[in-house]
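We have chain A already, so just place chain B on it with the hints.
One line per chain: the protein sequences are A and B, in this order.
Here the first sequence stands for residues 1 to 744, where the numbers follow our numbering.
Here the second sequence stands for residues 1 to 159, where the numbers follow our numbering.
Think of the hints as simulated: they come from the structure by calculation, not from any bench.
All of these numbers come straight from a predicted model, not from anything done at the bench.
Glycine residues also receive a C-beta, built at the ideal position from the N, C-alpha and C atoms.
Just to be clear, a hint being listed does not mean it is correct.
Beta-carbon label-pair distances, calculated as ranges [unchecked claim]:
| no. | chain 1 | residue 1 | chain 2 | residue 2 | range |
| --- | --- | --- | --- | --- | --- |
| 1 | A | R191 | B | P77 | 41 to 49 angstroms |
| 2 | A | D156 | B | A114 | 42 to 50 angstroms |
| 3 | A | G742 | B | D29 | 55 to 63 angstroms |
Residues per chain are reported as follows:
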Amino acid sequence: MVEPHPSRRGFLGGVAAGGALLSLAVTFGCGGARERMVKHAESTGELAPNMYITVLPDGRVRLTVNKAEMGQGVGTGYATLVAEELGVPLERIDVAWADSRPEYRTSFFMHQTGGSTSTKEAYVPLRRAAAAAREMLVGAAAATWKVPAAECTVKDGVVAHAASARSLGFGALTKQAAHQPVPARPRLKKRAEYTVIGKAGRRVDARAKVDGSARYGIDVVVPDMVHAYVIHGPQYGAAPKTFDAEAARKRPGVIDVLAFDFGVAVVAHRYWQALAAARDVTVTWKKGTVAGLDTEAMRRAMRDYKKAGEGAGEHGDVDRAMSRAHRKIEAVYEAPYLAHATMEPQNCTVAVRGKRAEVWAPCQSPTLVQAFVADAIGGSRDDVLVHTTLLGGGFGRRFFPDFATQCARIAKRVKKPVKMIWSRESDMTQAFYRPQLAVMMRGALSPAGALTGFGAHVIGQSISFASRDAIGAVMPGIPNAMKHVITESIAAMLSTNTVPDMFATEGLKNTPYKVPNLRIAFTPVNTELPVASWRSVGNSVNAFAAEGFLDELAHAAGADPIAFRRALLPARSREVRVMDAVADLAKWGRPVAPGIGRGFARHTAFESEVAEIADVELVDGRIVVRRVYCAVDCGVVINPDIVRAQIESAVIFGLSAALDQQITLVDGVVQQSNYDTFPLLRMFEAPEIHVTILDSDADPTGVGEPGLPPIAPAVANAVFALTKVRLRRMPLQPAFDEAKRGAS
Amino acid sequence: MKLVVNGKPVEVAVPEDTPLLWVLREELDLPGTKFGCGRALCGACTVHVDGAPKRSCVTPVGDVADKQVVTIEGLAPDPATLHPVQQAWIEENAPQCGYCQAGQIMTAVALLRAKPEPTDADIDAAMSANLCRCGTYPRIRRAVHSAARAIKAGGGDRG
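If we strip away everything but chain A, and leave its shape as in the complex, we get (with noise of 0.2 angstroms):
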């Protein structure tokens, strides 16, 4: 019943996803379809077999690849993979993006990207796709020289026959390389033989992101577009009930001004012309739908709440071992609202053509985009078309269509094709937030420092129940009006948490920690602010809550931090080896200069294994993180510069989160509204981060998002050590300052 869930992660069975597009890149070429091949060869020289790679004439491969490409680096791994098996130089792949048609919907039925999965997902079909049309290649070239293929070599997109000394590029052999039979299993390298793969190459799309010329949703233009500047409510999802936009219609430019349930659209020939006019309309509005919510009042209920909370995970009785412990520790760790806050703000461009609409989007689900859209429009899913642009971020913030809504309504109301683009403002009070959240955490020690008992209750809003819109935009063939009934006793179930929600006690439930008695629970509170995925998603802060936490039952017991984990962990387990990399990287153990602090933390997140070491000062009693040594195991690396890009990203992305930023409410009406108030780290404040890698043979795990989790607990820790100030609260820097003052 649980399945297809909402969001992210429940999209990403590897097994299933990697299943789905495995099959399309072998079938494709069979039946109907190879016909079309060969059509498509004869016409055009291209060839096509399968639904990512096209073999040009010129020699050239165009890559189509069904994520989103938002920093991460995904066009570049999915290129260095074919790079690899198909044998062409990576500078010789051009990537494209794919659109939003059924044939790349094959992450959990959505064309989808999140949850740090895109490489997991890739790995053996992609390079299984490549290796079919390098065999194909080799194919028509021996069939060409009448030699045996296995006497062929493959090297810079060239197909060799070294005895005859004949050889022939890859452009010239497409059109016969289509009348090949596409091969079912090709014969992969073993990672012996890579020479592409775990190389540090430099990103296909660096030199666009230097020159101007990178397209994102917000530069798309298309014929006859007019734009978009809309005006929202000053409380959180308020419409408005009068508006007057007299003086704004004679504006020059201005087509229309109009009113929707979301805001008022202005809409004119030029974003500059729409933004002017803007000024001149005044609005009143209604109540916001969560009027009345004040994120402190929710603190305080939150931490003040006594239930056990329904259980996630369990297994001996934690209630027990409390009662009989040598000491217990009991502590609430709590974080707030966070928004995504990417450098680009949302933004949207559609055409609408009766009940059909193209859509140009920079999003992380088109299939998603395509439902909300339809929706919008009256239409039907598969009527509308989206092409995913290049993201200036995503972070989950991307995967919730609400932008291309509201722009679907008004290009449906003006007739014309819209470019959409909110205020920063906009951006951030109209959003979707990371879960404000209380962790409530317990822990249970013996007289020789042991831990017997370990529970951690967390409180806050399901991403799921928030997602229910979601569910249903997914589910294919089904009316709406059944939709919403499924969708909505769906969300009954997670709301009263019947169905365990599987991201608020992610990185607790599944904790490696041996512990003889261990309870995760999970209360939901609910109110109507939505909220998202947020850069890893559960595990930003249950890491938070269960490695501060480890460092205060460590120092109860009078035992180093790393020890401590250790001796919870599997001898020679990946966990360890991780922590002992991060341990001989910082040399942990040795003095630390005076005036620093060093703190630790670990966290298992998207298959990943992540430690990290956090140098910390204090100028002026601002915390100032110097350096941060992180150790990581992901599996096989594709590129071992874009694990270390990864890797830094999530320290600073996160440090931001830890030191400064929340989202807080009062009586509906967001209080955060640009960077001025919700700040991100700064060059200045950016430390050193060294990262090291560990060797693996596994295949592939997450890398955009596992590197974030362990921040913000070894900074805490590491303040603790400096200063013996325990910071239970993000942001930490409001919180040591107000420790501080209650010391004083």
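Frame of chain A, contents of chain B only:
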């Protein structure tokens, strides 16, 4: 109104208080300069006005009449050659999502013209005006240093 953008004189029919950012993006088809915050807080919209970095989102176009405006599209000396700062960005694999990088590069070029051999402190002081949500700061810092070396070795910034 007459402007000089990327070395070319152009004429635009817009009110003088129109932000330069939108004139570049919408009237002159130069979308490499990005909108980030609209309030000069993030630096994504940074361009050069008479060689100095300016936030185009809060600069009325009337203020730059007859001045030299250079955008990311006008930085490379010719279509085949990148500016050394752009080249250093590629070599350090600096961009991730890339959205802020035009602004970062424009700020870095201005820094290196003022201080051809910047210290880490100089780089922090200049580059902290530009936000990057992907956290590419460590690579930007390295890229600014390597661009400084390349410019010195190559006999100066030809831009």
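Outcome of the hint check:
{"no.": "1", "hint": "A:R191 / B:P77: 41 to 49 angstroms", "result": "holds, 44 angstroms"}
{"no.": "2", "hint": "A:D156 / B:A114: 42 to 50 angstroms", "result": "holds, 44 angstroms"}
{"no.": "3", "hint": "A:G742 / B:D29: 55 to 63 angstroms", "result": "holds, 57 angstroms"}
The structure fails none of the hints (numbered hints given earlier).
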